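Q: Whole structure, please, built from the sequences with the hints as guidance.
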Amino acid sequence: EAGVAQSPRYKIIEKRQSVAFWCNPISGHATLYWYQQILGQGPKLLIQFQNNGVVDDSQLPKDRFSAERLKGVDSTLKIQPAKLEDSAVYLCASSSNRDGYTFGSGTRLTVV
Amino acid sequence: KNEVEQSPQNLTAQEGEFITINCSYSVGISALHWLQQHPGGGIVSLFMLSSGKKKHGRLIATINIQEKHSSLHITASHPRDSAVYICAVLSGGGADGLTFGKGTHLIIQP
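Line by line, the protein sequences are chains L and D.
Note that this note's numbering gives residue 20 to position 20 of the first sequence, counting from 1, and the numbers run on in steps of one.
Note that this note's numbering gives residue 17 to position 17 of the second sequence, counting from 1, and the numbers run on in steps of one.
It should be emphasised that the hints constitute simulated quantities derived from the structure, not laboratory data.
Predicted, not measured: the structure shown is a model, and the values here were computed from it.
All C-beta atoms, glycine included, are put in the ideal place defined by N, C-alpha and C.
Only true hints are included.
Label pairs and their computed distance ranges (CB to CB):
1) L:R16 with D:T20: 43 to 53 Å
2) L:G3 with D:E15: 25 to 35 Å
3) D:I65 with L:S58: 25 to 35 Å
A: In structure tokens form, the structure reads like this:
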């Protein structure tokens, strides 16, 4: 069974540039999550989708971060403009009642 | 909001040792996950528990709902077990998503 696919795997950008991450969840998983994991910390939820609707985006810095899940399948997370403190691993996960949680391999972002 | 505490934060052991990682949480939960994260960031789900004990190979996970505590054990540890182990809890009937501990960085030396 295919897992949660994320791309790119690594990204290095300069501060004030823009960046976008892509996630393709497990087929049939209605719920999709984006997490930010800063080095040495546990993942922090940025946004949770149920199908193509937003369930929770309370910790998403909306002045610079945006996310969408068109058609309730793939999702993109964008940062515009990036700051040094955005350097982190961005994890996508999807879940269903039957399968539980499945995480992607993450995108490691370095802002210089 | 659930608070999840893990201990120890860092653990270095010799190959073959029995490893225990602990997780405590503050509010009742519907499920607890143990996750493994290797360098590079990818996370693998090891166990999902709501009661009792689960075993998979050399890994054993237990949970005590009354004490709000879970443990992850690794028997006959091996260098390939070196990773960050993260405890995450699901509360609020699942609508709130996962709350993560900060992780335990485990190094198994040959």
